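Novice: Sequence:
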Amino acid sequence: MAPQNKHTRHLIEAAAQAAADKAGPHLNVAVDYVDKYTKLPWHAFGALPATILAGSYDAARESQLHNLRDGREKLRQMVEGLAQVAHTYWTAEKANTLTADGKEKLEATRPKPATSLLGSIVDGYAAGGVPLTVVAAVALRPHWVFSIVTKNATARLCPLALISVGTWAALEPDEESLSQAKGAWEQTAEHLKNIGDLDTAMGLSEDAWSVENDSRRQFNAWLADFQVELNDAKDAASSQATAIDGVVSAIRGIQTGMVITDAACLVAMICFKIMEAFPLTTLAGKLGQVAVAITNAIATTAVAAAILSFITTWAGNATSIASAGQFKKLEIGPGGDEQTFIDLKDPTEDWAKA
378 MAPQNKHTRH LIEAAAQAAA DKAGPHLNVA VDYVDKYTKL PWHAFGALPA
428 TILAGSYDAA RESQLHNLRD GREKLRQMVE GLAQVAHTYW TAEKANTLTA
478 DGKEKLEATR PKPATSLLGS IVDGYAAGGV PLTVVAAVAL RPHWVFSIVT
528 KNATARLCPL ALISVGTWAA LEPDEESLSQ AKGAWEQTAE HLKNIGDLDT
578 AMGLSEDAWS VENDSRRQFN AWLADFQVEL NDAKDAASSQ ATAIDGVVSA
628 IRGIQTGMVI TDAACLVAMI CFKIMEAFPL TTLAGKLGQV AVAITNAIAT
678 TAVAAAILSF ITTWAGNATS IASAGQFKKL EIGPGGDEQT FIDLKDPTED
728 WAKA
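Using the working numbering, read the sequence shown as starting at 378 and increasing by one per residue.
Just so you know, the hints here were simulated from the structure itself, not pulled from any lab data. Predicted, not measured: the structure shown is a model, and the values here were computed from it. You can trust all of the hints, since none of them are fake.
Capping the alpha-carbon separation at 30 Å, the derived lysine-lysine pairs in DSS-like fashion look like this: (1) K706 <-> K611; (2) K722 <-> K413; (3) K570 <-> K413.
Using C-beta positions, here's what the derived DEER-type ranges look like: (4) R629 <-> N590: 57 to 67 Å; (5) D723 <-> S587: 16 to 26 Å; (6) T689 <-> T619: 27 to 37 Å; (7) Q595 <-> S700: 40 to 50 Å.
For glycine and all other residues, C-beta sits at the position ideal for the given N, C-alpha and C.
I would like the entire structure built from these sequences, with the hints used as guidance.
Specialist: See below:
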């Protein structure tokens with residue numbers, strides 16, 4: 378459709394630039410946030426949860442990043458397509474004057490991480506060169522230190538204590554990297570939300586391009602699909618942030634269960650130690666030694682049972698952690714619920730040439 382006059386051409390150009398100025402900066406910075414700040418180290422969810430979650434998170438992140446990059450490209454194509462409509466032929470010179478970058482430049486800044494749960498305890502010791510595993514053992518398992526000291530004659534407790542500390546450490550998430558990724562997903566969602574309704578922002582009236590024209594109707598349908606994808610991308614980014622929260626909460630729930638078990642174990646060990654110190658005085662010699670040996674055996678068995686409960690708790694909660702980590706991988710399909718920016722046609726192949 379050839380523009381009817383110079384005034385019409387300027388109105389379409391103005392609408393194109395309005396789309397570029399409104400959506401361009403936010404799409405650019407959304408891509409930057411996902412690209413720069415949502416990638417996680419392999420151990421971010423903790424060594425054990427990572428075996429379940431890392432692959433699904435990485436796949437979801439890559440699909441979101443690919444889709445947002447394509448959305449940015451589709452916006453560029455839309456602006457150039459409107460330039461083509463306004464001039465009735467493709468001119469690289471004019472297309473280059475209308476860019477999807479917009480006049481405003483937004484910058485993706487590193488999200489501020491939350492303070493780690495271990496906080497000053499770990500920071501203080503780690504800065505001094507003390508291995509983090511040692512710090513974790515002291516900070517998270519003080520009663521194991523007690524048990525090792527008070528029952529130093531029972532060497533079997535030492536490996537059990539190490540198993541306990543090791544299990545905890547394998548469940549400990551990297552809160553700094555997770556917090557940064559969560560913040561980046563939230564910023565991505567916020568910037569996509571700030572684009573708002575493009576049709577309103579563009580203000581492309583019927584006077585500029587009549588809806589009676591087939592190419593204008595095709596453009597309206599294309600723009601409606603583009604808007605749907607903006608909204609879906611925003612919701613998907615929000616979902617990723619929520620999923621990270623869910624994973625951390627599930628892991629903390631398991632660790633809380635471990636703390637409760639440890640506390641119960643500590644109480645039992647203290648009781649058994651008191652029993653050691655006060656053997657049945659009515660029994661002499663060997664019988665008293667047997668009683669103390671039995672007490673020690675019971676205490677060690679209780680600790681072993683607690684360790685087994687840690688492992689059982691982890692196995693029982695693995696499903697809940699996986700469920701909490703429903704990271705959304707975009708499925709590229711022919712349309713409908715599976716439609717994405719990637720499915721939208723290049724407008725220069727359709728309405729822009731009508």
